[in-house]
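Asker: Hey, can you work out the whole structure from these sequences and the hints?
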Amino acid sequence: MTDLPPFLVALPLVASVVVLFAGLARSKTGWPIAALAGVAQLGLAGYLAYRVFTAGPISYVVGGFEAFYGIELVIDGLSASVVVLIAAVSLGILAYARTAGPRGNPFYATYLLLVGGLTGVAVTGDVFNMYVFIEISGLTAYALVASGDSGRSAVAALKYLIVGTVGASLYLLGVGYAYIGTGTLNMADLSAMLAEVGYQSTLVQTAFALFAIGLFIKTAVFPLHTWQPEAYAGSPDSVSGFVSALVSTTFAYALIRISLTVFTPDFFAAVDLAQTLLIVGAVVSIVAGSLLAVSQTEIKRMLAYSSVSQFGLVLAGLAVLNQTAMVGATVHLLGHAVMKGGLFLAAGLIATATGAREIHEYEGLSERMPYAAGAFAVLAFAMVGVPPTIGFVGKWYIAFGAVEAQLWPLAAIILASTLLTLAYFARLVERMYFREPAAADDHPEGEATGAQPDAMVADGGRPSLGMYAAVLVAAVLAVVLAPAVVPFEQLLDPTLDILLP
Amino acid sequence: MIDALAAGPVDLLATRSYYAGTALLLGIGAYVMIASPNLVKKVIGMNIFQTGIFLFFIASAYVEGAKSPIVGPKATGPFVSPLPHVLILTAIVVGVSLTAVALGLIVRVYNEYGTLEADVLQEVRSDD
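Those protein sequences? They're chains D and X, same order as listed. The first sequence begins at 1 in the numbering used here and counts up one residue at a time. The second sequence begins at 1 in the numbering used here and counts up one residue at a time.
A couple of the hints might just be wrong.
Said to hold, decoys possible - Under 7 angstroms between C-beta atoms, here's a sample of chain D residues computed to sit facing chain X:
1) Phe128
2) Glu135
3) Leu139
4) Tyr142
5) Ala146
6) Val155
7) Leu158
8) Leu161
9) Ile162
10) Ser169
11) Leu173
12) Gly176
13) Ile180
14) Gly181
15) Thr184
It should be emphasised that the hints constitute simulated quantities derived from the structure, not laboratory data. From the three backbone atoms N, C-alpha and C, an ideal C-beta is built for every residue, glycine too.
Answerer: Next up, the structure:
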């Protein structure tokens, strides 16, 4: 028994308030405090993950109530992985944001609030508490998207807000249905009580549908993804890296948690329609997301649609409902965060240095920015799933799981998704390496030129060491993490035995 | 529940009027959000949508002939369920913050583009 779990949420929240108040006294204190909090958070998350992986799940009831009445925090292998991911990625993006902007203490305060909210979603064991954390993450994400200077980011944030609120509201309605059916909000209790009420009950099935659709919207599963491309493309570079890497990831985690812990695989065995809903969502998302990504001309929009397709894959890993595919879903969830976050940061780095935000502007980039282009290419190939990378391992497990479960059409789509991903990344890599730069090169290196009025030009101008470091570390991680998956699978095994018996 | 279903649609509406109200509010809210081109009205639609959910929770807490759940020396049950009230109190706070952020964004959009209509906004932005 340890008293540490609440601090995972409390630390960023308190740090966020400290940033605001310290900012009143001295204006330049935001970044150091945020960085300090990020390091402390990473240490705490790492220690708790170590405890979870060596000694089993940790459960903590807030405020000294009994588990049934009080809010329970539960950390198992899956949530520990997500918590460590959130802490690590947020620290990396902080290094990037120091010069890339947006600057100012309100930004860092909101940033820490978002870290706290996302961590809360990952550790809570109570469905209503999860709603509150979803809304905290949502609100801060809207604010961060709007932190760009242009009108575009405000419009994107408003759209994100309205659609996102509907998603969270549907989730809340699902909580209501589940509560009326069972009289409890605790996840562990709910799973037992829902089984007692009976999986054929309309109330229980509707509750699942509301949970699933609400979180589909939040995760941006096609056709409920409409908020996502504009939100990623319209926000400042650091924010699109952060939001793309963590926000949808955490909501996909929430969907996995609700599906497996609250409703349990027995529910899916009893109600075919529920599994069909997940599979259809996955397939449509994979195909439509890739096709839309191919048709984009703006880099960040293309990366955003790519996320729609990649989250389809994670959803596929969940829908298969066996341990192999679940390992794949978890690995791809974590791997996607590193790869997509890295790609957005690389795109931001390139845009800061050369002003290139459109695909055709990437022609001959490898000569102008060899390191950034190299990192971008590595991350792109990792996302496609070229063998020695984390993207390959995740997709391999998901596809293998689908074959094990004999879901042949799904397995075929998962394999085809690799080709579809290649379709939009290959043309970019080809432009970077095998074409001459455009003749009228009016973007001298090291100068941020606002090619379009809408483009979010970082006020930093020259890319800093921190920006390069964040991008290169992401590229290295995308390769290095791949061999780590085998021990990770063993660590995850006890958790999966509980989730998918 | 079973009795109410057996009693026919009129009685069902009379005994479950709050749930009918919930469905109505959700429908109106969703319609306003989708159909109205005015951004402020979209936010109002979002509020109506959320209010429908609040009503749903509060109605679910109601117990026929029960008292307010205030426990004292003389209080004897039955009480209405206090938990949904607490949940909705939280949800209302969330709703207020969302409205505040949304209105703040709308002010920025208006300052930037000079319009509150979604269709005009699209035209203005495609000209950029």
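Asker: Hints first: check each against the structure and report whether it holds.
Answerer: For each hint, the structure was consulted:
Taking 7 angstroms as the C-beta cut-off, the interface hint given for phenylalanine 128 of chain D holds, the closest approach to chain X being about 6 angstroms. Taking 7 angstroms as the C-beta contact cut-off toward chain X, the hint placing glutamate 135 of chain D at the interface holds, the least distance being around 5 angstroms. Checking leucine 139 of chain D against chain X: minimum C-beta separation of about 6 angstroms stays under 7 angstroms; hint holds. Annotation: tyrosine 142 of chain D was flagged as interfacial toward chain X, and the flag holds, the nearest CB pair being 6 angstroms apart, inside 7 angstroms.
Taking 7 angstroms as the C-beta cut-off, the interface hint given for alanine 146 of chain D holds, the closest approach to chain X being about 6 angstroms. Restraint check, valine 155 of chain D versus chain X: the minimum CB separation of about 6 angstroms is within 7 angstroms; hint holds. Look at leucine 158 of chain D: its Cβ gets to within about 4 angstroms of chain X, closer than 7 angstroms, so that hint holds up. The criterion of a C-beta within 7 angstroms of any C-beta in chain X is met by leucine 161 of chain D, whose closest approach is roughly 5 angstroms, and the hint holds.
The interface hint given for isoleucine 162 of chain D holds, since its Cβ lies 6 angstroms from the closest Cβ of chain X, which is under the 7 angstroms cut-off. With a least beta-carbon distance of about 6 angstroms to chain X, the hint placing serine 169 of chain D at the interface is held under the 7 angstroms criterion. Taking 7 angstroms as the C-beta cut-off, the interface hint given for leucine 173 of chain D holds, the closest approach to chain X being about 5 angstroms. The interface hint given for glycine 176 of chain D is met, as the beta carbon of that residue sits about 5 angstroms from the closest beta carbon of chain X, less than 7 angstroms.
Proximity of isoleucine 180 of chain D to chain X holds as hinted, the smallest CB-CB distance being about 5 angstroms (cut-off 7 angstroms). For glycine 181 of chain D, the interface hint is violated, the least distance from its beta-carbon to any beta-carbon of chain X being 10 angstroms, above 7 angstroms. Taking 7 angstroms as the C-beta contact cut-off toward chain X, the hint placing threonine 184 of chain D at the interface is violated, the least distance being around 10 angstroms.
Checked against the numbered hints given earlier, the structure breaks hints 14, 15 and satisfies all the rest.
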